[in-house]
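Residue strings, one per chain:
Number of protein chains: 2
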Amino acid sequence: MINIQSLKTRRQKLANLINIPIVLWSGKSPSKNFRANHYPFRASSHFLYFAGLPIENAAIRLENGNLDLFMDNPHPDSTLWHGEMPTREDIALQIGADNAYPMEVLKDKIDGVATVPVQDTFTYQKQREILHRFLSINEEVKEIDHQLMKAIIALRLTHDEMALTEIKKAIDVSVEAHKIGIKSTKNSATEAEVRAAMEGYIISQNMTCAYNSIVTVNGEILHNETYNNELKSGDLLLADVGAETVLGWASDITRTWPVNGHFSSCQRDIYDIVLAAHDVCIEKIKPGIEYREIHLLGAKIIAEGLVNLGILKGNPETLLEKDAHAIFFPHGIGHLLGLDVHDMEDLGDLAGYKEGRTRSDRFGLGYLRLDRPLKSGMVVTIEPGFYQVPAILNNPKFQEKYYDDVNWETLKQFSDVRGIRIEDDILVTATGTEILTTNLPNKAEEIEEMMKRSR
Amino acid sequence: MINIQSLKTRRQKLANLINIPIVLWSGKSPSKNFRANHYPFRASSHFLYFAGLPIENAAIRLENGNLDLFMDNPHPDSTLWHGEMPTREDIALQIGADNAYPMEVLKDKIDGVATVPVQDTFTYQKQREILHRFLSINEEVKEIDHQLMKAIIALRLTHDEMALTEIKKAIDVSVEAHKIGIKSTKNSATEAEVRAAMEGYIISQNMTCAYNSIVTVNGEILHNETYNNELKSGDLLLADVGAETVLGWASDITRTWPVNGHFSSCQRDIYDIVLAAHDVCIEKIKPGIEYREIHLLGAKIIAEGLVNLGILKGNPETLLEKDAHAIFFPHGIGHLLGLDVHDMEDLGDLAGYKEGRTRSDRFGLGYLRLDRPLKSGMVVTIEPGFYQVPAILNNPKFQEKYYDDVNWETLKQFSDVRGIRIEDDILVTATGTEILTTNLPNKAEEIEEMMKRSR
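Chains A and B, in that order, are what the protein sequence lines are.
The opening position of the first sequence corresponds to residue 8 in this note's numbering, with each subsequent residue numbered one higher.
The opening position of the second sequence corresponds to residue 8 in this note's numbering, with each subsequent residue numbered one higher.
No lab work stands behind these hints, which were simulated from the structure alone.
Please note that a few of the clues may not be correct.
Copies of the same chain look alike in the list, so a pair counts if it fits in one copy or across any two.
Unchecked claim - In silico DSS-like cross-links for lysine-lysine, where the CA-CA straight-line distance does not exceed 27 Å:
#1 Lys133 - Lys35
#2 Lys149 - Lys133
#3 Lys239 - Lys176
#4 Lys175 - Lys186
#5 Lys190 - Lys175
#6 Lys20 - Lys361
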């Protein structure tokens with residue numbers, strides 16, 4: 008599972024980048040109803056990257072490649088409720104800590120340390136209290152914290168072998184979950200039943216969901232987290248579901264398939280456009296290429312496809328320039344993947360955007376989460392889509408702006424295509440790409456074949 | 008789903024108990040990795056009780072039976088990501104609010120209001136900021152907050168029809184989940200696979216888990232939340248799994264069954280003792296009886312049973328007085344059930360313990376979560392158990408204290424009985440009890456029969 012040498016290498020690489028002592032907190036599971044009924048614990052990703060294990064209520068201090076662990080031993084009474092828990096010394100050994108101290112010692116070792124604010128508000132308060140200062144990822148952030156964030160980003164942008172092994176483990180489980188989802192659809196009456204089949208498999212493999220699953224016949228609702236619709240013949244079902252390993256590494260996969268096992272001719276036409284965009288984008292990935300170019304390439308393929316279908320009118324390049332494609336493909340082509348499904352998004356755009364770049368105010372670019380030249384060792388998603396979002400199509404502002412670019416009558420024929428997305432996880436390699444999600448079919452006929460066999 | 012008249016009745020009853028304006032916050036889903044990757048939202052139970060719907064980032068002000076809703080309308084951009092969201096006016100109508108305001112109005116309406124601190128730290132800070140005071144459930148709490156807590160407890164201790172309908176819905180799904188768990192065991196290799204079958208069913212019914220499931224062959228670890236053990240013939244599998252409805256009402260069920268479908272003779276002997284305690288306790292439940300008496304009755308049945316098996320030595324009454332039963336049954340016989348699985352445990356023991364009573368320091372009573380006379384309309388769990396907890400059995404303090412009470416040699420013969428618990432949910436009625444979890448077998452031979460049929 009964890010390789011101490013790899014962890015030590017990460018710590019040493021950080022020391023090579025930043026010559027300041029660093030303290031990272033793991034966080035604490037938030038209460039749900041009451042303290043004993045809490046959400047499952049999820050350690051801070053920055054902590055996980057250097058500590059390796061999800062240890063609750065812990066902190067690590069990194070300096071010169073050394074790691075000091077701060078955590079309290081389990082309370083003796085807790086063995087009754089939780090069984091024998093590993094002690095501080097056990098954990099220190101497992102993660103290759105150089106020293107290990109009770110938590111109360113930490114306050115004596117925080118002079119001049121840099122940190123990153125954790126997500127859980129309780130621990131965030133503790134961080135502020137012990138460091139006596141404000142913590143933020145914003146511009147007003149303390150200079151050393153900003154330095155630390157940039158150093159961590161430099162490391163986490165590309166993945167080492169231990170990380171890739173974990174990501175691939177997560178992906179393998181997600182791939183199987185998607186196969187199960189596709190095959191289970193024939194015998195499912197609701198979105199919830201397909202979700203259950205997919206998440207059930209993830210749970211059975213002792214993993215968790217890397218994010219709240221999307222399993223919906225309303226794929227046009229991009230972040231739909233309800234599952235109460237019935238499945239009806241003629242619907243497309245969009246499933247964006249990904250597993251996370253015990254050590255916290257994520258996967259992120261989307262497939263869209265027809266509830267009745269057959270794409271209608273309109274659904275198939277649009278599906279093939281989305282898939283073409285997907286394939287062309289992946290083909291183009293290599294070290295050095297700007298991810299924004301990949302996004303614009305995907306957008307162009309979609310625009311071309313929609314022109315060919317008669318949904319958009321005019322020259323694809325011109326349509327692209329005025330963001331007409333974004334009426335139907337309003338989000339970015341993908342994002343970084345790692346310990347977080349949108350890796351390091353807790354740092355805002357610091358990780359996703361190359362220094363000096365900021366979000367575009369263009370409708371077709373503003374939602375792009377990654378705007379950097381790609382590097383060997385990065386893992387990114389490629390996830391083009393087509394959606395008929397009422398909030399866009401019924402918006403007078405868009406209707407007016409794109410009145411002549413859309414063939415609104417033709418569009419009506421495609422009313423059974425509310426949302427399609429195809430998403431795979433891609434490793435940038437020295438020579439090009441490795442598709443990590445390769446065992447999961449994405450061609451329309453393969454999906455239909457898989458559904459047929461499951462009858 | 009929700010019945011506005013029932014909600015209005017709850018609000019009026021609260022007004023009859025307390026003549027102070029009240030503000031209750033719903034809370035906010037905590038961040039997991041980053042703000043967009045959050046835990047599923049779970050509204051504060053006190054808010055849910057009077058508002059009826061889990062509305063995120065909302066507050067209600069209650070006075071004289073009237074309810075004012077405070078929430079902001081969804082941001083126009085959010086329709087792109089989340090589809091059409093109900094507006095403040097939609098929600099106000101659904102929950103029968105008398106007035107509805109944007110959140111910023113709340114600060115003008117907080118003079119002299121009482122409140123209850125919410126669980127999520129972010130909203131808790133907001134509460135403190137807007138009220139300009141410290142919030143706590145402890146003795147140093149503000150007097151009006153304490154009055155409010157007592158009034159809410161007086162209401163929530165017993166359940167109205169709307170509540171019971173929801174609890175029964177949750178129970179029905181949990182019952183089916185347990186049946187599926189029992190039947191799936193034959194084809195499962197790990198705890199995780201049985202957990203997946205059970206939680207998968209809950210997910211398929213569009214419900215959530217009311218608490219982190221326990222599905223373990225190490226039933227002696229009372230709050231075991233890991234699922235990585237393989238199932239081995241001869242093991243008992245303990246599953247404590249309960250569903251929660253969309254409106255937040257909980258269920259709580261435990262069954263213990265043999266992995267290979269047959270209780271060994273030792274397992275059966277102990278199982279029958281636990282079941283006898285379970286049955287006798289439920290039989291005894293009626294309005295007016297002290298729950299502590301039920302607990303002690305259960306403990307006595309267990310002590311008697313263990314004496315009959317030769318595991319304990321001596322007079323059961325005497326053993327009970329010196330808490331010798333608690334070596335094997337260290338927790339309480341059960342707790343309140345409602346919107347929370349341990350209902351109102353966010354208020355510490357204010358709800359569980361009758362005014363003026365506090366936790367016993369007796370080993371066999373200190374973990375009792377409920378010490379009140381029962382009333383018609385309460386829902387409680389009855390969950391006796393038998394465990395061989397290493398932290399107890401290997402503790403020299405206990406070994407010495409109970410040296411002569413335990414037949415340590417005989418105990419060794421029962422090494423395949425590490426943990427057994429049988430838990431059902433019971434409604435106290437005017438005439439006695441209604442077992443709400445009645446459709447789920449709990450007799451050893453019924454469980455064996457169910458497993459045989461599932462082969």
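Hints and how they fare:
no.: 1; hint: Lys133 - Lys35; in the structure: both (11 Å within a copy, 20 Å between copies)
no.: 2; hint: Lys149 - Lys133; in the structure: both (17 Å within a copy, 25 Å between copies)
no.: 3; hint: Lys239 - Lys176; in the structure: between (34 Å within a copy, 25 Å between copies)
no.: 4; hint: Lys175 - Lys186; in the structure: within (16 Å within a copy, 34 Å between copies)
no.: 5; hint: Lys190 - Lys175; in the structure: within (22 Å within a copy, 32 Å between copies)
no.: 6; hint: Lys20 - Lys361; in the structure: within (20 Å within a copy, 59 Å between copies)
Taken one by one, the earlier hints all hold for this structure without exception.
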